[in-house]
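Chemist: Put together the whole structure using the sequences plus the hints.
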Amino acid sequence: MKPAGSWIRFRIFLVLGLFLVFFASLLLRAFQIQIVKGKTLERRARSQHEKTIRVESKRGEILDRNMKELAVSVEVDSVYAQPARIKDPHRVASILSPILSIGRQELERRLTSSRPFEWLKRQIELDEEKRRTISGLHGIGIVKEARRYYPNRTLASNLIGFAGIDSRGLEGVELYYDRFLKGTSKKITGEKDARGKIILFEDLEKTVPFQGMDVVLTIDKTIQYITEKALRKAVSTTGAKGGIAIVMSPYTGEILAMAVYPTFDPNDIRRFSPSDWRNRAVTDIFEPGSTFKLFLLASALEENVVRADDIFYCENGSYRVADRVFHDVRRFGWLSLTQIIKYSSNIGAAKVGERLGSRRFYRYLRAFGFGSRTGIDLPGEARGILRHYEEWSGVSINTISFGHGISVTAIQLVTALSAIANGGFLMKPHVVKAIKDADGKTVFEAHPVIVRRVISEDTAKKVRDILVTVTEKGGTGMLASIDGFRVAGKTGTAEKPDLEKGGYKEDAYIASFLGFVPAERPEIAILVTIDEPKEEFSGGVVAAPVFREIASQTLAYMGVFPERTPDGTINLVRLKRPYGPVPEEIYPSRVVPDFRGRTMREVLRMAGKKGLEVVVHGSGRAVSQRPSPGRTTNGQPVVVWFGEM
Numbered sequence: 132m133k134p135a136g137s138w139i140r141f142r143i144f145l146v147l148g149l150f151l152v153f154f155a156s157l158l159l160r161a162f163q164i165q166i167v168k169g170k171t172l173e174r175r176a177r178s179q180h181e182k183t184i185r186v187e188s189k190r191g192e193i194l195d196r197n198m199k200e201l202a203v204s205v206e207v208d209s210v211y212a213q214p215a216r217i218k219d220p221h222r223v224a225s226i227l228s229p230i231l232s233i234g235r236q237e238l239e240r241r242l243t244s245s246r247p248f249e250w251l252k253r254q255i256e257l258d259e260e261k262r263r264t265i266s267g268l269h270g271i272g273i274v275k276e277a278r279r280y281y282p283n284r285t286l287a288s289n290l291i292g293f294a295g296i297d298s299r300g301l302e303g304v305e306l307y308y309d310r311f312l313k314g315t316s317k318k319i320t321g322e323k324d325a326r327g328k329i330i331l332f333e334d335l336e337k338t339v340p341f342q343g344m345d346v347v348l349t350i351d352k353t354i355q356y357i358t359e360k361a362l363r364k365a366v367s368t369t370g371a372k373g374g375i376a377i378v379m380s381p382y383t384g385e386i387l388a389m390a391v392y393p394t395f396d397p398n399d400i401r402r403f404s405p406s407d408w409r410n411r412a413v414t415d416i417f418e419p420g421s422t423f424k425l426f427l428l429a430s431a432l433e434e435n436v437v438r439a440d441d442i443f444y445c446e447n448g449s450y451r452v453a454d455r456v457f458h459d460v461r462r463f464g465w466l467s468l469t470q471i472i473k474y475s476s477n478i479g480a481a482k483v484g485e486r487l488g489s490r491r492f493y494r495y496l497r498a499f500g501f502g503s504r505t506g507i508d509l510p511g512e513a514r515g516i517l518r519h520y521e522e523w524s525g526v527s528i529n530t531i532s533f534g535h536g537i538s539v540t541a542i543q544l545v546t547a548l549s550a551i552a553n554g555g556f557l558m559k560p561h562v563v564k565a566i567k568d569a570d571g572k573t574v575f576e577a578h579p580v581i582v583r584r585v586i587s588e589d590t591a592k593k594v595r596d597i598l599v600t601v602t603e604k605g606g607t608g609m610l611a612s613i614d615g616f617r618v619a620g621k622t623g624t625a626e627k628p629d630l631e632k633g634g635y636k637e638d639a640y641i642a643s644f645l646g647f648v649p650a651e652r653p654e655i656a657i658l659v660t661i662d663e664p665k666e667e668f669s670g671g672v673v674a675a676p677v678f679r680e681i682a683s684q685t686l687a688y689m690g691v692f693p694e695r696t697p698d699g700t701i702n703l704v705r706l707k708r709p710y711g712p713v714p715e716e717i718y719p720s721r722v723v724p725d726f727r728g729r730t731m732r733e734v735l736r737m738a739g740k741k742g743l744e745v746v747v748h749g750s751g752r753a754v755s756q757r758p759s760p761g762r763t764t765n766g767q768p769v770v771v772w773f774g775e776m
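Positions in the sequence shown are counted from 1; adding 131 to them yields the numbering used here.
Keep in mind that a hint or two might mislead.
Claimed, not checked - Here are the simulated DSSO-like cross-link-like pairs (lysine-lysine), alpha carbons at most 27 Å apart as the crow flies:
(1) Lys360 / Lys665
(2) Lys567 / Lys275
(3) Lys632 / Lys665
(4) Lys567 / Lys364
(5) Lys218 / Lys261
In case anyone wonders, no lab produced these hints; they're calculated from the structure.
Modeler: Right under this line is the structure:
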C-alpha cells in the first residue's frame, strides 16, 4: 500500500497535467485563430460589419477656347442590391420594376443571385418619392454617381468622344486625355448596424479623391457650329454618304473646328454604331485627287525646275504613258504652269511631275508630312499610304502628281496646306489649348510647334498667287470666291478605289476643296471633302460652295471685313485680334546671333528667345558656330561648338 503522501502528489500532478493540457489547447486554438486564420476571420468580420465603397472623383469638364461647356459631369442615382439580405425577392421585384423600367422576372433573377452585391440600374434620375420607396426596401440601396453629359448633343461629338458608365474615356478627347479628366478614386469604409445600414463613414472632406482636371480645347463652339451646319447641308442636298470639314489656324496649328457627318449623340451612344463614333478626319484615308497638285506645284517651284509662266503641251486631252492613257476633262493644248493649276489639267500636272522626278517629289511629300502621322492629340490617327519612290511603277510619278496612287488623311491635307499659307512652316496640329486643375490653375498650356520648314517664304508666296487664280473667273474654284477677299485654293475630284475587285468604282467620287483666306495673310485654312455625292460630283461645284459658306461666316465672326477706300482699293479691317499669335510672335527673327564666347546656358537662352533650334558639341564656352552670325537658318538647327578659349 502506497503512502498517503505519494497518492496526494500523484493527484496534484494529474490535475496539473490536465490543466497544462487544457491551457495548451487554449493557446493552440488562440494561435490558430489569431495567427493562422487571423487574416481570413478578420476579413469575414469586416464583411459582416463594414461596407467599402469606391468613391470616384468628379470627371473634369471639356470646354471650348472661350470656356463654354462641351462636356460636364452631373450627379445621378445608381440603385444596387445585396441579395442575401432580401427576404421576399418577388415582392421587392414587383415594387422596383415600374420604378427602374426593368422586367420583374429579370429583377427577381438578380435579387436571388449568389453574389453579395448586384447593380440593378446605374445613373438614373429619381424623384424624392421614388428615392423614399427604394430606401424603405431591406437590402436595396442608392448611391450617387457622376454621369457624363454633353449639353450640345451632336456638336463636335466625333472630336470630343464620350466616357463610359464608369467615367472612363472611350473615344476622342475623352479617351486621349482620360488620365487628366478622370482624376483619382478612393475606397471609403463605413460600419453597418444590425439591419445592414451604413451608420458611420470616414471624414469625407479629408478622404475625397482629387477632382479631374478641366481640358480647354482650341475649338471655337461658334465656328464648329458654322462648319457642321454647312457640311450637313451639303451632304443632304447632294445625297452624299458623308463629309469632313476642318478649320485650322495656319500660323499656330490650332484646330478651330473639326466636323464629321454623319455624326452621333454621345448622350445616347446605344442608338449609334461604332462606325458613327469614329473621327474620320484623323482615322480614314482616301485619294486626294487634284487638291494634291498644289503640293506638286510647291515642290517644283522650290526646286527651280519650273516657273509660273513656263508652258507645257497638254496633248489636247489625251496623253499615253507606258500602258496608260491619261485624260483631261477638257481638251487643252498649250498651258502655262499657272493655267495648269487654274484649270486643273491632269496631263499638265503629269508633265510637271516628270520634270521634277520621283526622288525629289517623294522627298517633298515626306517633308509635307504625307505617309506619317501629324501627331495630333486625338486617338486612332492613320499614317496614310505613300510608298517609297523606289517602289513606284513607271507611271506613279504621273498619277501621284494629280493625286492618285497615294492615300492621305484629312488632317494631313489641311496641315500641309497650312505650311503654304504661313510661309513654309509645317506646324504640329493640336486640339487642346490648356489643362486646368480644380482651382482653375493652368497646369499645361499648348504652344505652336514648328515641325520643320518645308519650302521657302518666296516659294510659298508664288504658290499662293497661283492658287488665287483658281478662285477667279475661269478657274475650277470660282464658287469658293468671297466678295472683297482674295481666296487661295484648289479643287479636287477623286475616284474611289474598289478595295474588293481592284481598280476604281464606277460613279463613286470624293469631291473636295482645300483653301485659305485672306490669301495675303491667312486667318484660316479649310478643307472640305464630300464622300460620294450623287449626280454632280466635281469638287468645284460640290465642295467649293461649302468652303465659301464656312469661310465667309467665320471671317465675319472673327471680325475680319473688307473695306473699300474712296479710290476703289479694298483693305481688310480686323475688328478683333486674329486667332492665335501674329506671325512675328510664332516665327521670330531667324537671323543667327553671335554665340561665340558665351556659356552653354547663355546660348540656349538666346536661342530660345529667337525660336532657334540648337545642337551643341563639347563644353566650356562657344568657340565656333554654323551658320555664322548674321545668317538666316531657313528652319535648320544652329550647330555650336564649345571648348577652352
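Chemist: Name the hints, by number, that the structure is in violation of.
Modeler: Hint 4 alone not satisfied by this model.
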